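Colleague: Sequence:
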Amino acid sequence: MNKALRNPLVFILFVIPALILFIMFFIYPIFSSIYYSFTSWNGVSDTVKYAGVNNFKKALGDERFWVSVKNNGWFILFSVGIQVPLIVFFSLLIANVKKLKGLYKTAVFMPSIMSTAVIGILWGFIYEPNIGLFNKVLGLVGIEPVYWLSDERFAMLSILITNAWQWTGFYIVMVLAAILSIPGELDEAAAIDGATGFQRATRITLPLIVPIISVVIMLSIAGAMKAADIVIVMTKGGPAGSTEVMATYMIKYAITNFKYGYGNTIAVLIFLFTLVVTALYQLVFARRTERIEY
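Mind the numbering: the sequence shown is residues 1 to 294 in UniProt numbering, read in order.
Please keep in mind that the hints were generated in silico from the structure rather than gathered at the bench. The structure presented is a predicted model; accordingly, all values stated were derived computationally and were not measured. Just so you know, even glycine gets a beta-carbon here, dropped at the ideal spot from N, CA and C. Careful: at least some of the hints might be erroneous.
[What the hints assert, rightly or not] Ranges between beta-carbon positions, derived for each pair:
1) Phe25 - Ile143: 21 to 31 Å
2) Gly223 - Ile121: 13 to 23 Å
3) Leu186 - Ala18: 55 to 65 Å
4) Arg203 - Ala107: 43 to 53 Å
5) Tyr50 - Leu138: 52 to 62 Å
6) Val210 - Ala107: 21 to 31 Å
The task is simple: from the sequences and hints, build the whole structure.
Modeller: Set out below in structure tokens:
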């Protein structure tokens with residue numbers, strides 16, 4: 001057995017199946033999208049007409065495309081500025097719970113394993129103008145019903161809240177795992193020295209979990225750039241395109257309008273924008289995060 005493992009051919013045989021799948025489902029689709037992004041193909045006909053950079057000019061000159069870019073930006077800002085601090089806060093709270101800790105972890109994780117369609121429908125009832133929970137609560141204090149999903153002022157915020165509710169628990173479990181891996185002796189020593197719970201959390205726990213927080217931010221940015229399903233389920237990009245994101249904009253043209261070439265152009269732009277945003281984050285913030293050892 002040991003002699004077989006020393007044979008390079010054995011390693012090649014193990015790598016080849018994974019490499020084939022990687023090429024089929026990652027490398028080929030990327031290059032295929034790049035190729036079709038320079039065409040005006042409708043996705044059905046046998047003839048593929050070369051269009052040069054016209055698709056890119058059209059996209060970058062389309063006001064609706066930039067609205068979708070802005071909405072993806074709102075996803076990123078909401079995730080990093082509001083969702084991540086809440087994730088850290090609730091993770092610290094659950095980590096310090098003495099009883100039923102497993103129940104709390106399961107409860108916060110449940111939304112992330114639910115179907116986005118189910119969550120969208122559920123929150124659609126919550127946002128319902130006449131019988132929805134939110135408007136019922138507002139009605140108790142004399143506020144008129146709000147049309148959460150059909151009013152341009154509130155539709156995007158409503159989707160952001162729903163999306164955060166779905167994925168916050170997933171990230172809480174990640175951060176919680178990092179917190180619980182910190183040796184208890186550090187916290188005990190600080191407590192003996194007279195540090196309060198708040199001081200231990202801010203001066204010991206938080207600095208030690210900065211690497212995992214950085215990973216959570218990175219995943220949140222990537223998730224925000226490919227957000228589509230929650231928008232499709234809840235508003236389909238409406239009202240009047242105010243909740244359109246880049247992925248739904250792409251789907252609308254590539255599938256609904258049979259402009260496959262233009263849809264691939266949007267896919268390439270999504271890829272490039274995501275690459276730029278994540279690279280900037282890595283250069284400005286993530287590289288400053290040192291590996292913590294204890």
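Colleague: Next step is simple, just say for each hint if it's right about the structure.
Modeller: Here is what the structure says about each hint:
1. Phe25 and Ile143 have their C-beta atoms about 50 Å apart, which leaves the hinted 21 to 31 Å range violated.
2. The hint said 13 to 23 Å for the Cβ distance between Gly223 and Ile121, and at roughly 21 Å that hint holds.
3. The given range of 55 to 65 Å is broken by Leu186 and Ala18, whose C-beta atoms sit roughly 40 Å from each other.
4. Separation of Arg203 from Ala107 is about 29 Å and departs from the stated range, judged on CB atoms against 43 to 53 Å.
5. Checking the proposed 52 to 62 Å range against Tyr50 and Leu138 shows it holds: the Cβ atoms sit about 55 Å from each other.
6. For the pair Val210 and Ala107, the supplied restraint of 21 to 31 Å holds, since their beta-carbon distance comes to about 26 Å.
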